[in-house]
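From first to last, the protein sequence lines stand for chains A and B.
Position 95 (the first sequence) corresponds to 1259 in the numbering used here; numbering is contiguous.
Position 214 (the second sequence) corresponds to 232 in the numbering used here; numbering is contiguous.
Possibly wrong hints are sitting among the right ones.
[Said to hold, decoys possible] Covered by chain A, per the in silico footprint, the following chain B stretches (three or more residues, Cβ under 8 angstroms): (1) 30-44; (2) 51-65; (3) 75-89; (4) 309-316.
[Unchecked claim] Here are a few chain B residues that sit away from chain A, every Cβ distance over 10 angstroms (derived from the structure): (5) 21; (6) 220; (7) 232; (8) 241; (9) 245; (10) 268; (11) 284; (12) 287; (13) 322; (14) 324; (15) 331.
Treat the hints as calculated values from the structure; they're not laboratory data.
We treat Cβ as the ideally placed atom computed from N, Cα and C, and that holds for glycine.
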Amino acid sequence: MKHLSDQELMRIVQDGNLTPAGEIFDRYSARIYNFAYRFLKSGEAAEDATQEVFVKMIRYAKQFHGDAKLSTWLFSITANHCRDQLRKADNRTKESEETLLTLPATGDAPDRAMEKKQNQIRVQKALELLTPEQREAIILSRYQGLSYAEIAQIAGCSEGAVKTRVFRAMETLKKALAGDAGGERCLTAM
Amino acid sequence: MSDCNVIQERMPQLLIEALNGSDREDSHQHIELCAICREEWLELRAAWAELGELPEVPVPPMMRSRFLERIGQTPSRVIPFRRPEWPRWAAQAAAVALLVGGSFWTGRTLAPATITPSAGVAQATEAPYRITGSRVIPASSLSREIEGTPRIDNVRYVPDGNGGIRLAFNLTSEVTVTGNAGDESLATLMAYVLESRENPDQSRSATIQYIRDNWSGGGKASPEIARALATVLRSDSNEGVRLKALDALRSLPHQATPDAQTALIEALKNDPNPAVRLKAVEALAEMATAGTPLDPSMVDTLREKADQGDENLYVRVKAAEALSQIDL
Chain A
1165 MKHLSDQELM RIVQDGNLTP AGEIFDRYSA RIYNFAYRFL KSGEAAEDAT QEVFVKMIRY
1225 AKQFHGDAKL STWLFSITAN HCRDQLRKAD NRTKESEETL LTLPATGDAP DRAMEKKQNQ
1285 IRVQKALELL TPEQREAIIL SRYQGLSYAE IAQIAGCSEG AVKTRVFRAM ETLKKALAGD
1345 AGGERCLTAM
Chain B
19 MSDCNVIQER MPQLLIEALN GSDREDSHQH IELCAICREE WLELRAAWAE LGELPEVPVP
79 PMMRSRFLER IGQTPSRVIP FRRPEWPRWA AQAAAVALLV GGSFWTGRTL APATITPSAG
139 VAQATEAPYR ITGSRVIPAS SLSREIEGTP RIDNVRYVPD GNGGIRLAFN LTSEVTVTGN
199 AGDESLATLM AYVLESRENP DQSRSATIQY IRDNWSGGGK ASPEIARALA TVLRSDSNEG
259 VRLKALDALR SLPHQATPDA QTALIEALKN DPNPAVRLKA VEALAEMATA GTPLDPSMVD
319 TLREKADQGD ENLYVRVKAA EALSQIDL
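Let's have the full structure, built from the sequences with the hints guiding it.
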């Protein structure tokens, strides 16, 4: 299976043979999981989201057209799922604390590890200042390396709107992350 | 719009090198000459670089097998934590007899009802039985003797918007038991939900949340629920669910049971996630300061953690704090 392209794997799935599902999962689960993790701010919610995305990929395989990139299609499904989850109000503030606690441990010396962890918390807090649309755009651009055209396709908006979202997001992040004092501002603004 | 505004709007694209050749060239030239834009550019670049501090999060190890199982790509079912000692048909028959008997005893009429499980739960759990109908049973009419009966493997949590709880399972018919935290007969069924890995994480997580919200502190929680939470803490692959189980365990009046204390010590020793270990330290410290009789290995484990060079710094500090609070 490893030598087949995404499109070839999906054609097999479209014919009702689910054997390539594991290979597709291996190719994209880390990216999907990390996108959902940053978007939803919770490991548990990200795991559920990733499961749902791949189950939907199987269920709606016939809707995938070979002219699009599989990654873009999967990110679209993930973004839709995450937006739905964010609309369900109850787990927002609670889960953000959980995310801070569950940031992966680093293998550094304690003082360096603490500094690194503090930086990670600062960045995570800064990302939480963004609107969901801005956060989605920044995560896809900064962490997934997608182009504005791809992000526009995933977010269901124009490229111009993506530019605006990223610009505004960066303005917010820049202020929140500017220096140590900026970090304090960011934390106290919560 | 001034040149500066145009250039500053382009900067995010400049960062990811998404501008065409001439725009890129113009922008860099402007930044070279304009002090305001140069400062803006440096700050933006610093913020962009700092965003890279967030590490990639590893995919939980069980996720792949769960996905493949959901779409029927693995032949074997997940093995439940406790196997029924009797053959499955005998277990089902016994459970049906108890349910029907309990209902008959109270003289209630069981009206057929439409069950609408949540989408996630319904899709995730395929009933291995032929469903011939559905019934809703109030927990108050359920025989308490169901406790200790053979396990029903497919009990699942169904969200109830009215503050109550609904637990559903399939035997020869779809059965939904409704009730609230005061119904002790629900304890066994809730423990089944927690221990069944076939339940989606959301279902187990929602059940734990319900326990925390309704059964903590008031002396109502059963030892069976405490045991089930301890099992979740020991073995669930989802760190979020383990954290919730730990919090719930901490809030139960049965937190002082040896099983809960042992599970917390094991979590502190072995859990791969530092957040879980950190909360385990806090819970053990609470137990100690509340005067709970201490397992000697607890103090040893706290000492070990406080001194362990490669342990997470927060965990080490918390363990040292906990030791200072314990009257040795």
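Hints the structure fails to honour:
As far as the earlier hints go, 4, 6, 15 are violated by this structure, in ascending order.
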